[in-house]
Amino acid sequence: MSTLLDVQGLTVTLATNSGPMTIVDDVDYAVEQGQVFGVAGESGSGKTISVLALMQLLPAGAQTSGRANYGGQDLLSLRSRALRRVRGAELAMVFQDPLTSLHPMLSIGKQLTEHVRSHEGASRSAAAKRAVELLEEVRIPDPEHALHGFPHQFSGGMRQRIAIAIALAARPKLLIADEPTTALDVTVQAGILRLLDRLRRENGLSVILITHDLGVMSSIADEVAIFYAGRIVESGPTHDLLTAPRHPYTRALLDALPHPEAAEGTALIAIPGSPPTPRARPSGCAFHPRCPYASDQSRVEVPPLVAVSESRLLACHVDPFRPA
Amino acid sequence: MSALEIRDLEVVYHDRGRGPVRAVAGASISVERGQIVGLVGESGCGKSSLAKAAVGLVPRAAGEVLLDGRPLSPLRRKARSREDARVQMVFQNPFASLNPRRTIGAQIADGLTLAGVPSGSHQAQTTALLDEVGIAAAAVGRYPHQFSGGQRQRIAIARALAANPSVVVLDEPLSSLDASAQAQAANLLVRLARDRGLALLLISHDLGIVNHVADVVSVMYLGVVVETAPTRTLWEAPQHPYTEALVAAIPHADGAGVLPEALPGEVPDPAQPPSGCRFHPRCPHVFDRCVAEVPPLYDLGAERTAACFLRDPETRPTAPLNPRETAT
Ligand SMILES: Nc1ncnc2c1ncn2[C@@H]1O[C@H](COP(=O)(O)OP(=O)(O)OP(=O)(O)O)[C@@H](O)[C@H]1O
Ligand SMILES: Nc1ncnc2c1ncn2[C@@H]1O[C@H](COP(=O)(O)OP(=O)(O)OP(=O)(O)O)[C@@H](O)[C@H]1O
Ligand SMILES: [Mg+2]
Ligand SMILES: [Mg+2]
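Sequence lines, in order, name chains A and B. Read in order, the letters of the first sequence are residues 1 to 324 in our numbering. Read in order, the letters of the second sequence are residues 1 to 328 in our numbering.
Incorrect hints may have been included.
[Said to hold, decoys possible] Selected chain A positions facing chain B (in silico; Cβ < 7 Å):
1) Q73
2) S77
3) E90
[As the list claims (entries may be wrong)] Now the in silico label distances, taken between C-beta atoms and shown as ranges:
4) B:G120 with A:E261: 16 to 26 Å
5) B:V286 with A:E136: 16 to 26 Å
6) A:A15 with B:V286: 54 to 64 Å
7) A:Q73 with B:H285: 51 to 61 Å
8) A:G72 with B:L259: 29 to 39 Å
9) A:E264 with B:R196: 12 to 22 Å
10) B:D288 with A:L106: 28 to 38 Å
11) B:L259 with A:T100: 49 to 59 Å
Worth flagging that the hints you see were computed from the coordinates, not collected in a lab. Where a beta carbon is used, it is the ideal one built from N, C-alpha and C, also for glycine.
When you get a sec, could you build the whole thing from the sequences and use the hints?
As C-alpha cells, then:
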C-alpha cells in the first residue's frame, strides 16, 4: 500500500468575536490508498474543522499550520487554480449537513451533471446517463424523475445520498465523508457502506470516514483515530481499537453504547463532567478532569501521541489498559 | 386519553410534472403521557412528513391529529399561541430548528416567553436548560454556526423544551452526537418522560438507542405503519419481514469487520407504490395473496400489531409466534 495523504502537525485556529481559538491542535495521520480511515470522537472535538482545513474550506479568518502531503503537494498551501483542480477531481467531500453540499435552487440533475461534465468533459447525454447511474448506486427511487427534483423535495436521508452521488460523480481518489450515513436507516446504510467498499476494492478509492456510529466504524474502517478536544488521543486498526481500547476516553466512549441485553430501566453511562470548550481547554491531558485514572503528570503535561505497539498510537501518561 | 393521537393520517405532496406523492398513506400512532414511542423505518418512508403533519407544519390530506383529545389547530409558524406551544418539534436538520441570525440565548428566551416565564427568570432558566443538554452556559451569546453539528442538535432540544410543551416530536435528535453525549441526551429524554410526564415521539435510525429508551416502537415502510410493539418484544421477535430485515442490518461495534446486509430489490417510489402489501417485491416470504390484497394490521395480542398475511389468525399455523405471547 502507498500513502495517499500524510497529515503532519495540522493545527487550526479560528477567529471568533473574543479572539483566536485553537480548534485542532497538532494532528498527525496518514491515509493509505484503498483504505477507509475512520475518525470518531467527542462531538465538538474538531473532526469537521480538521477536514475542512484539508479542503481549504474554513471560515474566514482561520489560520492553518502544518502539512498535508498529497501526491507531492501540500494541500494546505495550494493556490486557487491547483486547489480547484485537486478539489474537484481528486478530493471530494460529503458534508455533515447535506444541505451544505446541495444548492437549494438547482435541480438535482443540474448539480450532478455539472460535476460529471466539468471533470470528464462528457457530452450532455453521457453526463445525464452517468447521473442516473449515480442515483441508482445510492438507491434513489425513480432516478430519471429525481433528476428534475429540487433538494427540498427529498427526505433527509435522500438528500444525504444525493450528496454522496455528487461527491462520487468526478470519481475522486480520496473521499472525505463527514457523517455520511446519519440520516439513513440501517438497510440503506448497509447499501452505502457496500458501495464504498466496492469502490475501494475496484477503484482503490480512499475514504476518510467521520462517524459517531462505532458499529459503522467496525464494519468498514481499516484504521480508526479517536479525537478528543482537538487532538488524536488514540489510533490503530479498527478491530484492535474496538476490542481492546487503550485510552480511558475511548474506553468510556464504548461503555456509553447501549447494550441490547441491559436490564430495563437502566440509564446509559455518559462520561461524567462536561466536554471541554476550545476556549477553556484543561491543562495537561484535556481529558484529565473527567478521567478516573488521571495522574499528577496528566494534569500538567500534554501527553504526546506515541507508538505503544507496532500498529497502535496512544496519548496517555498512565496507560491503565496496557496489556499485561 | 392519549397526549398525542394520530389517526389514519395521510400526507400528499403535489409535484409539478408528476402525480401526487402519498408520502404518508394512512398511519396511526398514539403516544401517552410519560411515554416514549420510537418511530423507525426506511429512509424516505414518510417519518418526517408524519412528524411535520403531527405538529401542523404540513397539511393533512386525510386523518386526524389530537392533542389531549382536542384537534390540533393549523399552526402558523409566526403567531404561535401558548396553546399551540403544547407540541414542539425538534427538526431533523438542526439548522431548521434554529434561526441563524439570533444568538442561542435569545432563541431559548423566545420559548420561555411563549411558556409565560417572566423575563426576570429567563437567564436562570436558560442556564438550567443548557446545562440539562450539556452545553456550557457561557455559550448563550453565540450564533448557531459557531457550534458543531452535535452541539446544535442539543441546543435545538433545549429550545423546544423552553416552551414547556406536553408533547415533543423529535426527528433524529441524537444523530450527530458521540456515544457519551448520546447517552446523556437519551437519559435526558427518559427523565423528561418519567419525571415531567412528557409524551415523546422519537424518530431515529439509531436502533440501539430506540431499543434502549422507547417503550413502544412503530415501524414504517413506504407511508404505512407495518408493525407496532413494546420495544423489547419487537427486537426479540419481529413479526413483519421488514422489521426482521431492519434488525438484521444493525451494525455492531464488535470490531468484527462484517458489512451488514442491504435490502435486496428496487427502492420503492411513493408515487407508484406496489400493489397489495407494499413490501411484497422485496419480501423473502412473498406469496400470491401479498400481491393482490392489502394486509390489515392484525392484532397479535400483548399490544402488538403487524400488517403481514403470515400473521393472519385465520390462516396462520397454530404454533405460538413467540414464547412471550404464550406466557401472557
Ligand atoms: N465558525 C466557527 N466559529 C467558532 N467556533 C467554531 C466554528 N465552527 C466550529 N466551531 C467550534 O469548533 C469546535 C470543533 O467543531 P467541529 O465542527 O470540528 O466539531 P466536530 O468534532 O465535527 O463535532 P460533531 O461531532 O458534533 O460534528 C467546536 O467546539 C465548535 O463549537
Ligand atoms: N416538499 C416535498 N415535495 C415533494 N415530495 C416530498 C416533499 N417532502 C418529502 N417528499 C417525499 O416524501 C417522501 C417521504 O419523505 P420524508 O421526508 O417524510 O421521509 P423520511 O421517512 O423522514 O426519510 P429520512 O429517514 O430519509 O429522513 C419521500 O419520497 C420524499 O421524496
Ligand atoms: Mg462535525
Ligand atoms: Mg426524515
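Hint by hint, here is what the structure shows:
no.: 1; hint: Q73; verdict: violated, 29 Å
no.: 2; hint: S77; verdict: violated, 26 Å
no.: 3; hint: E90; verdict: violated, 26 Å
no.: 4; hint: B:G120 with A:E261: 16 to 26 Å; verdict: violated, 49 Å
no.: 5; hint: B:V286 with A:E136: 16 to 26 Å; verdict: holds, 23 Å
no.: 6; hint: A:A15 with B:V286: 54 to 64 Å; verdict: holds, 59 Å
no.: 7; hint: A:Q73 with B:H285: 51 to 61 Å; verdict: holds, 55 Å
no.: 8; hint: A:G72 with B:L259: 29 to 39 Å; verdict: holds, 34 Å
no.: 9; hint: A:E264 with B:R196: 12 to 22 Å; verdict: holds, 20 Å
no.: 10; hint: B:D288 with A:L106: 28 to 38 Å; verdict: violated, 46 Å
no.: 11; hint: B:L259 with A:T100: 49 to 59 Å; verdict: violated, 28 Å
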